[in-house]
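Given these sequences and hints, build the entire structure.
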Amino acid sequence: MKTFIGIDLGSTTTKAVLMDENREILGKGITNSRSNYDVAAEVTKQEAKVGARFSLFRKQLGEDGDDIDHLLEDLERNFRLEQFLTELADLRETSSGFLDNPRFADQKKALGEALDEVFRRIGEEAIEIYAPGAERKSDFFRDIAGSRFMNIGEAVAKEASVEFDHMLNVYDKSIIDVENRIPDDSTVSRQLMAALHRAIAAVDDLHVSEKDAETALRKALDIEMEETYLVGTGYGRVRLPFPKEHIRSEILCHGLGAHVMYPETRTVLDIGGQDTKGIQVDPAGIVENFQMNDRCAAGCGRYLGYIADEMNVGLHELGPMAMKATKTTRINSTCTVFAGAELRDRLALGERREDILAGLHRAIILRAMSILSRAGGVKDQFTFTGGVAKNEAATKELRKLVQENYGDVTININPESIYTGALGGATFAHRAVMN
Amino acid sequence: MSAEAKSEVIKEPSMLKQKEMIANNYDKLTSAHELGIKTASTFVPGNLNELIMCFDMANNLPEINAIQNGMRKKSGGMIMDAERSGHSEDVCTYVKADIGMMSKGNIAPNGKPMPAPDVLLLSYTGCFTFMKWFELLREEYKCPTTMLHVPYEADGKITPNMRDYVVKQLKEEVIPTLEQASGVKFDIDRLREYLRNSAKAEDDLVWVLESAKNKPSPVDCYFGGVYYIGPIFTAFRGTEDAIEYYQLLRKEVEERIAAGKGPITPEGEMKEEKYRLVVEGPPNWTSFRDFWKMFYDEGAVVVSSSYTKVGGVYDYDGFRHDPDNPLESLADYCLGCYTNRNLPTRVDMLARYIEEYEADGLLINSIKSCNSFSAGQLMMMREVEERTGKPAAFIETDLVDPRYFSAANVKNRLESYFQMVDQKRKGGGSAAAA
Amino acid sequence: MAKTVQEITDRCQVLFDDIDFTESRKWKEAEPGRKVIGYMPVYVPREIIHAAGMLPLGILGGGADMEVIHGDAYYQSYICRIPRSTIELAVTKRLDFVDGMLFPSICDVIRNLSGIWQMMFKDKYVRYFDVPQNFKDGIGGTFYANEMREFREGLERLSGRKITDEAINNSIAVFNENRRMVNEVYDFRSETPWKAPSWEVYLLMRAGMVLPVEEHTQMMQDYLDAAKAEDRPLRDNCRIVLNGSFCEQPPLNMVKSIEMAGCYVVDDDFMLVNRWLLEDVPTSGDPIANLATAFIHHSEDTAAKYEPDGEKKGRWLVQKVKDRRAEGVIFAAPSFCDPALLDRPMLAGRLKEAGVPYISFKYAENSGQMQPIREQAGTFADSIKLWSEAS
Amino acid sequence: MTISAGIDIGSGVVKATVFSVENGKDQWLGRADRRIRQRDPFQLAEEAYEDCLSQAGLKRDDVQYVATTGEGENVTFATGHFYSMTTHARGAIYMEPEARAVLDVGALNGRAILIDERGKVLSYRMTSQCASGSGQFLENIARYLGIAQDEIGQLSRQGEDPEKVSGICAVLAETDVINMVSRNISPSNILRGIHESMAGRLIKLLKATGAKDGLVMMTGGLALDSGLVSAMEDGMKEQNLTAEIRGHKDSLYAGAIGAALWGAFRYEKLESLGVLAKAS
Ligand SMILES: Nc1ncnc2c1ncn2[C@@H]1O[C@H](COP(=O)(O)OP(=O)(O)O)[C@@H](O)[C@H]1O
Ligand SMILES: Nc1ncnc2c1ncn2[C@@H]1O[C@H](COP(=O)(O)OP(=O)(O)O)[C@@H](O)[C@H]1O
Ligand code: SF4
Ligand code: SF4
Ligand code: SF4
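Residue numbers (the numbering used here), protein chains in the order written: chain V, 1 to 435; chain Z, 1 to 434; chain X, 1 to 391; chain G, 1 to 280.
There are no misleading hints in this set.
In silico SDA-like cross-links for lysine to any residue, where the CA-CA straight-line distance does not exceed 20 Å: (1) X:LYS256 <-> G:ASN74; (2) X:LYS122 <-> Z:PRO344; (3) Z:LYS157 <-> X:MET119; (4) Z:LYS171 <-> X:GLY138; (5) G:LYS207 <-> X:SER360; (6) Z:LYS411 <-> V:GLU245; (7) X:LYS312 <-> Z:THR177; (8) G:LYS212 <-> Z:ASP81; (9) X:LYS305 <-> X:ALA348; (10) X:LYS136 <-> Z:GLU172; (11) G:LYS269 <-> X:ARG235; (12) V:LYS173 <-> G:ARG143; (13) V:LYS158 <-> G:ARG34; (14) X:LYS385 <-> G:LEU273; (15) Z:LYS142 <-> X:GLU353; (16) G:LYS164 <-> Z:SER406; (17) X:LYS385 <-> G:LYS269; (18) V:LYS327 <-> X:MET66; (19) Z:LYS171 <-> X:ASP137; (20) Z:LYS390 <-> V:GLY377; (21) G:LYS207 <-> X:ALA348.
Simulated from the structure, these hints should not be mistaken for laboratory data.
Quick caveat: nothing in here was measured; it's all calculated off a predicted structure.
What follows is the structure, given as C-alpha cells:
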C-alpha cells in the first residue's frame, strides 16, 4: 500500500505520522531526539509503522466492540512492556561491557553486582510500570529507566559500598548505545506476537479466537508499506537525510497540521522543547504571520525537563503536582538553565513545591502569551500544540489567560497535538503526490 | 550609500560618477590638513551641507563611516572594542562602530587616517542618540561643538515656535561657531546658490524614486535606493556634482523604463517582478548583499522605502530647499526628516506609498540599534495593515553588528511572507502552500 | 496623633502596589469636572497642571509585579520595559480615567510612545512635551516658554477654564514647598542613612507621583518627624550615590538588596520631577517666564540633558559625591536605556579622574533575580569597608 | 591566635574551611565539601563545618569568627558575611601570592576579577543572567556523553579538531552538541569545542576587567578541569595576551579560604577597635 509520512524532528522529541492514500492516519510514532538524528528519524518511522500495524490489525479483525478495544489496549501495553524489557536487557548487557574501564578496576566486581541488582529491580518494576491503568511517567525508555536508576541506584550503591558516581557513569555511557539501536522489523514482529499472546490471556470473554487474532496480526504484519513520499520538518530538518524538496519549514507544517485537525483554527501556539511559536493561519491553513523565540530557549519545553531532572521526577508528573498548588509563586526568570537554581532558591525561602511549580508553569505560559501577542494576538479558534500541551497545569493557565485577555475563544487542545507538525508534514507529502 | 558594494557587475555611468565623487571626497578629507581644509563632522539626518560648504569646510559623516565599515565586515571588531572600553551592548551600534574605528586609527576607506574634525556640528534631528554620540566624540576630540536642537514634529506639523527656534540657533549658535572654526565669513548669497543647486538635484531624485510606480519598476528603492540617496544625503547636496549625478541617473532610468526593464541587482538584471514591497527601516549593512539576494532571488522589488527619506523627505509633501528663504528652508528641512515625524505621519506616509506604488504589502526591518526608527514599529505595522488591507511582515536585524543578523531566520520569515502574498493574491483559494 | 514610620510606609506601599490608581480615581470622582493629567519621566511643569485644577499623575510603568501580556505586541525585546508596561496599563483600562498624557522629551522611546498614544487614544489630550537643549534665555528659554504657553492653552481648552497667572504663581508656591520638603528628606537621609532606609524614602517619593501635592508635602513632614524619633541601629555600611535610574524604575527589591548588601544610598536620581528645579521659583511676575528661567538655569543634571560645555560634562556627579560625602557610585540603569547607558562612560570617566570608585549594572523593572545585584553591591561595599580601614 | 572558619555556599557545592591565624601567619586546619544535588544547602553547611572542626580537633566555641560567602547570607551560626568576589580574590592571593586577576568559574556563574597584591577587587565582570557556558552546562553535556567529571579534562585535551559550539544559549548549545554526536564527532572534540567556547567567553570577561599581564588564578570548581585551563591558555596565546593562566588543586575552596582569612582579619581589626560585641 502507498503511505505518506511526515517526520517532525524536534529538538527533544521526534514525531512521525503515517497516512494512507485517503489521508487516513494509520499510525503515529514518537521517540526521543536526544541521540543520533538519523536514528531518531528511523525509530520514529518504525514506531509510526507499528501504530499502523495496530490499525491494520484492527481492520483485519474487522470487528468492533469493547472486547476488541480492550484487546488493542492490552496489546499496546504489552508491546511496550516487551519493548522495555528488551531494551533493559540490552542496557544490562551493554553496561557490563563498560566495566573493564581502568577507572573501575578496583571496584569492578562490586560495581557489576550493584548494577545487576539495579537492573534486576527495575525489571521487577516493569510489570507494574506497564500494569493496566498505571500512570506512565514518560514515553521514553531513557527517561523511565534513568529516573528509576537514580532512585534505586543510590540506595544500592550505599548497600554495596560502591560509588554511585561510578554507577551513574556506566549508565550514562550505556544508554547512548542502547538508544542508538534501531529495532528491526523482525524484532518488532516478534515483540508484537509475544504481546498478543500476553494480551489475549488477559482479556476475558473475547469473541475472537486466539488463532483468528494471530492470523489477523500476521496478515497485518505482512502488508507491504511503501514509503511513497516522505516530508521532514522541525528543528533538525536540515540534518535529515532527505533531498531539499522533501523538507518544509516547521512553521508551515504546524500551521497546516493544526488546520487539518481543526479547520477553523486561526491562531496556533506551539510550545516545543526549545522553541515557542505563535502562528496565525488563514482559512486555508496558510501561515499569515508568526513569531518565535530567537536565540534564547527560556520558558520552552526543556525548561520543564530541567525542572523534572532537578526534582528527579518524570515529565508527566509535573503537571499533576502543580495542580495541587494552593497559590502561585511568582517567578521572574525563565532561563531554562537557571530553572533548577530558581526552584532551589524558592524552596530555601520556604515556599511549597507545588506552589513553585504552579509559578513555573505560569511563567512559561506568560512567555508564550508574549510571543502570541507579538504574533498578533489570539483569534478564534485557537489551537495549542506541542509537547507542553500534554501538561494539564500549563493548559489550565493558558485557558485562563486566553480567556482573560482575549475573551471567549474556542480553545482546541488535543492530547495528540504533539504530532501536529508531523501531521502537517504528512499532509504535504500526500499533496505532493496526490495533487 | 557605498560605492564599492556594487561596483563590479554592471557599471552604469551614474555609478561610476558616484564612485568617483565618494573617492574624491575621502581623498579630500584624508588630506584636509595638507590642503589646509577644515573639516566638520555632522550627521546625515538634518545635515547642513550647503551651510558647511559656505565655510569651505569638508564634511565628514560618522554614520557613513560606520556603514562603510559594516559593508567591509570590519564593524564587528570595532563594536567589540567599544564594548570592551565600557560601552553598553544595548546601545546603537553606529556609535560603537565609530568609537571602535577611532581606537583603530580612524582609517578611511582609502586607507589613510581621517583627520580630527575641527568642529562637531551636532544636528540633533530625529534621534536622541546623536546628542550623546557627539558628547562622546567631544570627549575624544576636544574641539568646538555646536548643537542644533531640532524639535520633534509631535503633532505632524511645523509650528512657528519650532521654526523660529531652529532659525535662531542657526543664526546665533551654528553660523558663528562655523565662522570661527573656519575663519570664513558667512555669505548668505553663497548659501542661496547652493540651495538652488540642491533643489535641482532633489527634483531629479524624486523623479527617480517615483519611477518605481512603473510596472515593472525600473529601480529598487531600498537596496538600490541607498545608492540613489547617497549624494543628496551626504556631502554633495548643493554641489554641481550632485546635479550631474542625478541627471545621469535619470537618463538611465528613462532608458530602462523605455526598455521595460526591471532594476539592476548585484547579479545583473532582475528577472521577473513578482512582488512589489514597501519597506520601513534601515537595511542591515553587514550582510547587505545576502539580504538583497533574498529579495531578488524571489522576484521581490522594493518600490518605496522610508529609509530613503531619513536624510530628507522630498516626495511626501514636496519639500524643496528654497533659495529665497535660506535659513527657514534649512529649518524646515531639518524638521521634516523622516524620523523627526510623528508616528501617525509615518503610518500615513507608508500607507500612501503602498497605495500609490501599488505594492503588495509592507515589510518592516526592525533595527535593534535604533529606537528612533524601531520603537513603535509594531503598532505602525498594524495600522498600515488595517488601512491598506495589505499584509505586512516584520523582521529583526541590526545595522552594523553582525551578531544580530540571523540569515536563516530572516529567510524563513521572508519566504513565509512571499507565500502569504501569493495566497492572498489567489484569493486564499487553493491550499497548496508548499 | 502622630503617625509612625510604619504607618506612613505602609500607606506608601499600598499606593505603590496599586496599579489601578485607586487613590487618584477617588480624587477625580470627589468633584465633578475634575481632570487627571498623566506624565512620564523625567520632568514636566506640574505647576501648570495644578493651576488648572487638575491632578498631575506620574506614570512610571507597571512595576515588578504586573504581568505584561499585550505590551510585547507593541515593543520588540530590545526596547526597555517602561513603554510596554505603560501600554499594558492603558490596554487593560487602568488609565481610562486619565484625561491627558504628557510625554516629556527624554528619549526616542518615550517620544514615539506619544505617537502610539495619538493613534490609540484619539479622544484624549496627548502632548509630546518638548524641552530645549539650548540653554540661552533668548533661544531655548523663548522656545520653552512658548511650549509651556501652548501647553497652558491646551489645558484651558480641555477644562474650558482660563488658567490665570495668579493661579500659576500660587501653584508655584505650593510646589516650592513640596520641593523644600523633598530636599529635606534627602538631606536627612544623607545625614543619618540608618534612620531613613532607601526603600522607605523611595516609597515616600513615589507617593508624590499619585497624591495631590499638598498631601504629599504633609506626608513627608510626618515621615521626617516620625523617622527622627525612631531608634534604629547604625550598620557597618558604606555610602553610595545611585545614578542612572531616572526613568524606568528598578524593582523595590533591588533598592532593598543594595542596602542589605552593605550600601547606604545617600543620593539617587529616582523621580527627578520631585526635585528637578534646584531653587525656589519666584512666585510673582510672569510665571511662565519664571518657570522657563528656572529650567534653563537651575535644573537638575541628568543624561537626558545636553551639556554645552565639554569641560563641565559630568562634573555635577563628582560634586554630588562630595556634597553627600559618598564613598562610591553605583550606576544602575535600565537595560536598553539609551540616555543612561550612553552617558555612563562619560560620567565614569569623570569619577575615575576624581578617584571615586564605581560599579555598574543593569536592571528591568521586573528583574527577579537579585543575587547578582547583591553580589556586586556587596563586593563593592566589602572593598570600601575592608580597604578604607586597612589603608 | 585567631581561629576562623569560612563557609562558601555555592549553587552546586558547599565548601567549608577552618584556619588559624597568628601574627599574619596562617595555617589551614580543615576542609570539607558537599555536593548539593537535591539537599538543603544550609544543612550541608552545618555538616561540612562540623567535618572541618573535627579534622582540626576543635569545637565550635574555639572559633572566633565564622565568615560566610556565596549564598550564605542567612547562615545562622555565621559571624559575618563577605561577598564572593571579595573572598575569591583573597583565596587566590592565598594560593598564589602573585595572582593579579581571578577567574572564578562555578556551577552557574563565571566572574573575572582584577585584583591588586593585597587582594583588593579593582574591577570585575560577571556573566549575565544567561547561564550559557557554566559548570552546570558542562556537567549536563558530560553526563549526556557518558563521561565522568574527572575524565573531562583529559579527554578534552586530546581533542585535535575541536567542533565549534555556536549557540549563545546553553539549551540551544546542548542541542548543538547532540547534533554533533549524530555527526559522529568524537567526545574529545566536542568537549574541546565547548571548552574553547567557554574559554572565549571567559577571556572576553577577563579582558573587559582590564587585566593585561601577570598571573590569572582560576578558582571555583571548574579550575579543576584541566581541559578548560588548557583551552584558556591556548585562547590567551591566540589573542597574544601575555597573562599566565593557572589552576590550583585547592581552587574549589578559594571562596571558603578567602572567607576564613577575611574573617580572621576582621576579627582582629574589630578586637583592636574594641567593637567586638557589635560584630557577634
Ligand atoms: N506528557 C508530557 N507532559 C508534560 N510535558 C510534556 C509531555 N511530553 C512532552 N512534554 C514537553 O514537551 C516538550 C517537547 O515538545 P515537542 O513539541 O516534542 O518539542 P520539539 O518538537 O522541540 O522536540 C518537552 O520538552 C516537554 O517539556
Ligand atoms: N574535577 C572537576 N572537573 C571538572 N569540573 C568540576 C570538578 N570538580 C567540580 N567541578 C565543577 O565545579 C562546579 C562547582 O564549582 P563551585 O565553584 O563550587 O561552584 P558553586 O560555587 O557555584 O557551587 C560543579 O558544577 C562541577 O561541575
Ligand atoms: S539610534 Fe538610529 S538614528 Fe540614531 S544614530 Fe543610531 S541608527 Fe542613527
Ligand atoms: S528607560 Fe531609558 S530608554 Fe526607556 S523610555 Fe526611559 S529614558 Fe527612554
Ligand atoms: S541560557 Fe537561559 S537566558 Fe541564556 S539564552 Fe539560554 S535560556 Fe535564555
